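Protein chains: 4
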Amino acid sequence: MKIAPRTNYREDVVGRANVEDTPELLAYYDELDTLKTGALWTVANKIEPWFPQSSSVPVLWRYNDLRDHVLRSIDLVSPEKAGRRVVYLNNPGRQDVAAAVGWLYSGLQAMNPGELASAHNHSASALRFIMEGSGAYTIVNGHKMTLGANDFVLTPNGTWHEHGVSEDGSSCIWQDGLDIPLVNALEANFYTVHPDLNQAVTYAVDDSTATWAGTGLMPGDDKWEHGYSPLLKYEWAPTYEALCRYARVTDGSPFDGVLMNYINPKTGGPVMQTIGASMQMLRPGEHTKAHRHTGSFIYQVAKGKGFSIINGQRFDWQERDIFCVPSWMFHEHANASQSEDACLFCFNDLPVMKSLGLYREEALKENDGHQPV
Amino acid sequence: MKIAPRTNYREDVVGRANVEDTPELLAYYDELDTLKTGALWTVANKIEPWFPQSSSVPVLWRYNDLRDHVLRSIDLVSPEKAGRRVVYLNNPGRQDVAAAVGWLYSGLQAMNPGELASAHNHSASALRFIMEGSGAYTIVNGHKMTLGANDFVLTPNGTWHEHGVSEDGSSCIWQDGLDIPLVNALEANFYTVHPDLNQAVTYAVDDSTATWAGTGLMPGDDKWEHGYSPLLKYEWAPTYEALCRYARVTDGSPFDGVLMNYINPKTGGPVMQTIGASMQMLRPGEHTKAHRHTGSFIYQVAKGKGFSIINGQRFDWQERDIFCVPSWMFHEHANASQSEDACLFCFNDLPVMKSLGLYREEALKENDGHQPV
Amino acid sequence: MKIAPRTNYREDVVGRANVEDTPELLAYYDELDTLKTGALWTVANKIEPWFPQSSSVPVLWRYNDLRDHVLRSIDLVSPEKAGRRVVYLNNPGRQDVAAAVGWLYSGLQAMNPGELASAHNHSASALRFIMEGSGAYTIVNGHKMTLGANDFVLTPNGTWHEHGVSEDGSSCIWQDGLDIPLVNALEANFYTVHPDLNQAVTYAVDDSTATWAGTGLMPGDDKWEHGYSPLLKYEWAPTYEALCRYARVTDGSPFDGVLMNYINPKTGGPVMQTIGASMQMLRPGEHTKAHRHTGSFIYQVAKGKGFSIINGQRFDWQERDIFCVPSWMFHEHANASQSEDACLFCFNDLPVMKSLGLYREEALKENDGHQPV
Amino acid sequence: MKIAPRTNYREDVVGRANVEDTPELLAYYDELDTLKTGALWTVANKIEPWFPQSSSVPVLWRYNDLRDHVLRSIDLVSPEKAGRRVVYLNNPGRQDVAAAVGWLYSGLQAMNPGELASAHNHSASALRFIMEGSGAYTIVNGHKMTLGANDFVLTPNGTWHEHGVSEDGSSCIWQDGLDIPLVNALEANFYTVHPDLNQAVTYAVDDSTATWAGTGLMPGDDKWEHGYSPLLKYEWAPTYEALCRYARVTDGSPFDGVLMNYINPKTGGPVMQTIGASMQMLRPGEHTKAHRHTGSFIYQVAKGKGFSIINGQRFDWQERDIFCVPSWMFHEHANASQSEDACLFCFNDLPVMKSLGLYREEALKENDGHQPV
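Chains as they are written, first to last, in the working numbering: chain A, 1323 to 1695; chain B, 1323 to 1695; chain C, 1323 to 1695; chain D, 1323 to 1695.
Chain A extracted, bound-state conformation (with noise of 0.2 Å):
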């Protein structure tokens, strides 16, 4: 795509490009396309924005809107032909690079019991967010992990991997997250398919919660070395007990609630390098204060019902909605029970913003910190 010839992005302040066109300089910068350069005071203030201006969109993906395409897609298309049956989050600011917001692709994958995807592996990191059906299972390298809803399992950079729901289960819905559109935008991605197409189960099944998950415990003959996480699989049983542990002893975060990330416990930080993942609960009646930040956020809602206000803009959402939040963009959670907490699941490209040193935050100051709507 062309930038449209002498559109010159003009900014009367100090510091910054006004140059006003005149026949020399229209000359001038003719001379200069032909030798593959430009007029930097041209594009200036365009490529030197003020502050991030996100080209993605809020939106609010409702499950009772999708469940029904999602599931059809079974019907509509095989699994030898389709690949994945998948309905993809297709922001309105992002189609051209088929993000869900940013860089991050997400989508909602159907299952029917005895099915097997093939195995392939790629560089983008992936993760997938159960949300209904019993029989769920994903193999990564050799490691088989059994799939429950609101389990969280990773599917990192380089992995073979693949999913399936075993004979005796039902169909299964999950959610999809990726870095596809990152990878690709920093042309880095690689895909394969696994020559065999399926691999084999080289290790005892959920081995990698029994050596992983113990609490402030490591195995004592660990050689890993990867840059993701050795601990696979998060699930929900023991996530919602921490949450509500730790709900008893903090006061919160004023933006967010009660929120915990999930780890690497190799190393206290991300699951992966690309992609970072939280839970966190609103506490009922709670209804947070409004913050923005750089990177991209993708919520799912594991619990409960309420709202968040995104740029101004309220989305109403209960269980299983989608949600994101675009970067530098001011949002606020509330929940909407008095009664019961409500919990969002959340995946998000901190890792990236903090190790590229590119993270900043910023509270709303106006209005005791919510944002009129």
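Calculated directly from the structure, the hints in this document are not laboratory data.
Values in this document were obtained by computation on a predicted structure and should not be read as measured data.
A hint or two may mislead.
Across the chosen pairs, the derived CB separations fall in these ranges [unchecked claim]:
1. A/G1607 x C/P1517: 41 to 47 Å
2. C/P1694 x A/A1522: 40 to 46 Å
3. B/W1372 x A/P1694: 47 to 53 Å
4. C/K1545 x D/L1348: 51 to 57 Å
5. B/D1387 x A/D1334: 32 to 38 Å
6. D/L1348 x C/H1609: 40 to 46 Å
Note that beta-carbon positions come from the ideal geometry of N, C-alpha and C, so glycine has one too.
Given the coordinates of chain A, work out where chains B, C and D should sit on it, guided by the hints.
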């Protein structure tokens, strides 16, 4: 930019999407559109490529072609109007983001004696590599650095910085390098004009090199805690001397000859969190073998003449020429002189590739490692 | 203590000192003495041994022998006079520094219901492992932790800490472990009595486990910056459960059975900078192979009965017995039961060995890895 | 050495042990003895001192006193018999471990032209600081380094190393520094004589500095993974130049003047895991203020003359004199010249203090920071 409707990117390969359109599916796709969603199998093969296919093209910018245009900018626009007089390198594949290659911006800036640009800061990281002229200087957070040809200076993300040329100097030209396109793409760029338009020099001139350029030594009372190097200027004379000394004791790399990375002396890591840099020497007559890797690279010829073969295309270069190597393209370098060494300055996004776990490298196996041209 | 004059430690081996005394040399040695110097060759073979020869001896302390004496201390001395009623383990080879083995101190402390020791802090790092009784608690920097049998609690270097037993508890006995001898030897120990003699509890009781013992989770608003773990208590129930789960999916170590290290969840590293700890399970009938390594180790039998062979000597143990393994002595462990597992708690100075680059390990090659007794 | 029986180290301070002997207690203590145990309150105040009380004493070793004795060793013993001809510094408080101060060993070694000691390795880390003579060299793991006065060279733990003087050199004297006492105390020392008695030189002479002494540069193809610096020699000329440059832009430290640490260029950290080193300049007439800190320090006067006040005692020094500062003793330094700078080389165990979390520092507050003498 919207995906052309119903472009299905089909591939007839096991494990890839290969779904033909049917009236029922087309209707289904239309319904998904209204829900801000899509069917993954219609885009899967597009967003999961087999290997990186850069949108950048290899380009050589000849200094002989550019120099007059750069100097002419001094007469054409005033610093007050233009901010900076810069001719930027506009890769034909990356004009939408004004990048020289990948997500890296580069431009040639000119300044007359006695001029001083206004101070600003931004989240993008920047560097300069001095091409010609005397009296140039840069001020970074109160540290003033005097600059000569082939000196390399950092203006890291978030620092106040400004460039000038002293009254008794001559017209100067240097190459700017920034990650503006990347930081914009990551929606994390902030820009601020210094409230006083210019900052005070609050340290002894060239204190950064006096403090941090000691060989194997570090100040005892150091409290540096930034993500970027406290050594902000890397002078040409000691750099070239270090290369010559290293050349005497190493065989060098088959792909790069005698290459040294500029480092942050606090950590041994890259100079900034998003941009790495190196200087490499091709010994008289040396012709390296071809390899390819992820990451985008911009070279300036600091000394000598020769050629590079990039993606099968030969580019002849001499001192001050600039060329780029896009991600995952094979490249090899040759020194055209049998008696003099040649030196290539390079900056790149390797720190991004490495901190995100996306670096991959491959040697050309055929033809004794040399590309047919 | 002065070296016995003119002991020359001669060895008739090439590369070792082997100088016989002569009248001229003896006179020379006397002159060197007056200058606060000596001739290296008179001590070289002594100070450069071929391999570590620990001054500690292996010892087993039977709880049956010690328990009455420990309880008797409660009647013999008052907390006011004694500070703490502790019977410390006094290795015959380390009585000069009151160490149980190497540079590690250990003792058994008794306390009656309603008692509370005064608060202090010191540069030494400390831990407790609860042996019997109910109602014990520890307060560390305002965090109060309630304790039961086989719970493991940290009181890291520099923290205010105090131990007590609640009014409604019973007489308690626990094992203390500290690096007091090491920190004294390094001439870096400071000791302070709390100005108020006791500290306030400023957090919710057991907030440390509520916050940090989540499996694969970390609080989102964490600002911890100490060198030691924010998780200060490791409870027995989840520890044993983790061992049992891990045992189901691992072959274990040939030398240690199923061993897990207690870790700092912020880093995946040891719980404190100078002391590491582990819990290991010997499966029914398991008899490990012998190896030796640098570092000093103190074990307490948390569950079951069996024996260990240390440096060729067999030590039979049962629940609550304590034994030590000095540096570089071969050791192997055996569970005497064919039906029940046995568990060994251990603390050691491995973090010192590893951070100073001094860890070395060797398997016994002879006799299928078992020491003759 | 056994603790004198029934020495109770009583202190009449709240929070400290203060138990008087009774016949019942004495009988109890005897019983504890038989169980290889003791009563903590009889030793608590001894093993938990209020602050570090070093067993080392401050000592100044005058080179004028030592030089003849060192050279005489060449005639008195052969290299074959003695291994090395070394006069070691024997701190009156540390003769039992042959330490110069704390857990650091130091000695002056002499060697004649054409001599070459046999190669060995040990777990202790070592360094040399050249005092006089020409032609000295050291070989470390195949890397040969040529040495001149005030050059500083590493022979890290576990490396094969040997020292020699070339045929065309002169008699050489250098200072050795090692952590032998520490590694012995930690029961982790291993010693091996090289199977061929001498090792081959397998790299270009002085390749270490040619590769690693570049200012702000690191070889691009580096694979170094040891815990110690790949830069094994730090030459005097660039060290002094770096100090002079730094002195022009810094106020220096009130306690140390212009001090720079020798660093590992791979990490910015200390040169070895157990021993740090620095060179500091006292400007003409400079008299620093007193502070104290944990850690043991050995200084050699590399240039100039002056005095230091250590623990209230004045020590006058000139070039080549050596002195030590024990842990937690106040010390201040003064340059006696009003026109020439003075330089102090120092090595110490700060890396141990810091990696174990034991570093503490305090300025003298009284008397404007100067000790009364």
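Quick rundown of the hints versus the structure:
no.	hint	verdict
1	A/G1607 x C/P1517: 41 to 47 Å	holds (42 Å)
2	C/P1694 x A/A1522: 40 to 46 Å	holds (43 Å)
3	B/W1372 x A/P1694: 47 to 53 Å	holds (49 Å)
4	C/K1545 x D/L1348: 51 to 57 Å	holds (52 Å)
5	B/D1387 x A/D1334: 32 to 38 Å	holds (34 Å)
6	D/L1348 x C/H1609: 40 to 46 Å	holds (44 Å)
In terms of the numbered hints stated before, the structure departs from none.
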